[in-house]
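Residues per chain are reported as follows:
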Amino acid sequence: AQSVAQPEDQVNVAEGNPLTVKCTYSVSGNPYLFWYVQYPNRGLQFLLKYITGDNLVKGSYGFEAEFNKSQTSFHLKKPSALVSDSALYFCAVRAPYSGNTPLVFGKGTRLSVIA
Amino acid sequence: DTGVSQDPRHKITKRGQNVTFRCDPISEHNRLYWYRQTLGQGPEFLTYFQNEAQLEKSRLLSDRFSAERPKGSFSTLEIQRTEQGDSAMYLCASSLPTAGGEEQFFGPGTRLTVL
Chain A
1 AQSVAQPEDQ VNVAEGNPLT VKCTYSVSGN PYLFWYVQYP NRGLQFLLKY
51 ITGDNLVKGS YGFEAEFNKS QTSFHLKKPS ALVSDSALYF CAVRAPYSGN
101 TPLVFGKGTR LSVIA
Chain B
1001 DTGVSQDPRH KITKRGQNVT FRCDPISEHN RLYWYRQTLG QGPEFLTYFQ
1051 NEAQLEKSRL LSDRFSAERP KGSFSTLEIQ RTEQGDSAMY LCASSLPTAG
1101 GEEQFFGPGT RLTVL
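If you read the protein sequences in the order shown, they are chains A and B. At position 103 of the first sequence (counting the first as 1) the number is 103 in our numbering, and the numbers step up by one without a gap. Take the position in the second sequence, starting the count at 1, then add 1000; the result is the number in our numbering.
Just to be clear, a hint being listed does not mean it is correct.
Covered stretches of chain A, as calculated for chain B (at least 3 residues, CB under 8 Å) [to be verified]:
#	stretch
1	10–22
2	45–53
3	105–112
If you're looking for bench data, these hints aren't it; they were derived computationally from the structure. Idealized CB from N, CA, C, for every residue including glycine.
The following block holds chain B by itself, in its conformation from the complex (with noise of 0.2 Å):
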């Protein structure tokens, strides 16, 4: 499968434990971009790496959300001090650069349940 990756599928972590998700992009795509999806709602945008460089978050990542993409592979999203309203599915995905109009390929996500 050369599509877009996502490691762990599921994750039940219990109140004020870190958790760390793995996103392996699509090999030559050099944009990563991570997502949140809530139930009843669509992904809202997170933050975004061109190649290894984190060019924007949002204001909804807070202090305890961390992202990394060290090689401008595979990308990392850790959550520390998890809370009872992260849980959501994060999803991942990749893209190629084009004028504006690429489109951005998916990965199955990770959903994450916070006790």
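If we strip away everything but chain A, and leave its shape as in the complex, we get (with noise of 0.2 Å):
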């Protein structure tokens, strides 16, 4: 069964220093990646994904994240933070050629950017 690690439950950064929100992953063959963003009393919503191709995904409001097969990491990225981005941020995997499973989603990460 596949499964999502989030090992940091809050990052604070700087605003306008990068920031990093990692995950890791395990499943078997090539997995299906999301990133997700939940602000206080709002649904979730989809950050990036990565299915096949290109390692390095660019995704909503500047976001990119980086497919490592090796490390079977996805970690979130953003070169230059901003007060705004402090949210909760999920990591979700699907395991490939599923069609229908459902996302699996780690526990979260809270993320504060500080002015």
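Starting from the two chains in their separate frames, assemble the complex, guided by the hints.
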């Protein structure tokens, strides 16, 4: 069965600095990987996904993520953090060739960007 | 607003009562998912539909839980004889099928509190 680990419950970064939110996964075969963001009192919003192809994936709001098969990681990054990026971030995985299986989410990482 | 909507947004009930939640997906989406999210955790899959067919149910979905999507549009999730452990945020998501990589669009959730 597939699983996702987000090793940090909380990440603090100063505004303007680069940010990284870590994610590692476990799945048989090549995974489908996703990042979602959750703001208070709002639903999860899709940021980006990796299906196949280029290991560096660019998404919404200037975020990007790098798929690293050898390290089974899919870390979320942004070159320059904004205070408005403060939110809860979830990494998710779906097994390959699974068609209809649901997403398996990590526990989430709370990002706090300090002005 | 053409996103996923959920009703009610908040529900407080007493232990032993039945509750029903509604989800209206994005209109052209034929897949609909229910997840449960507790504090400090990522969303956990409960069940999903393709059109009106319920194709998969999680072991988390006890016999007290039932979901329907009678016309392949909106869906309801009913919890009978609620327990305090049912207190959580219940999330609905919808998607269009692709080759395994479609993103799911989430509603704002229904927060259930069982007293």
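>> Taking 8 Å as the Cβ threshold, is the statement that the stretch 45–53 of chain A is covered by chain B upheld or broken by the three-residue rule?
In response: Per the Cβ count (4), the hint holds.
>> Under 8 Å between beta-carbons, do enough residues of the stretch 105–112 of chain A, three at least, approach chain B for the coverage claim to hold?
In response: Coverage by chain B holds for the stretch 105–112 of chain A (4 residues, Cβ < 8 Å).
> For the stretch 10–22 of chain A, does the count of residues with a C-beta closer than 8 Å to a C-beta of chain B reach 3?
Replying inline: violated (count 0)
Of the hints listed earlier, the one the structure fails to meet is number 1.
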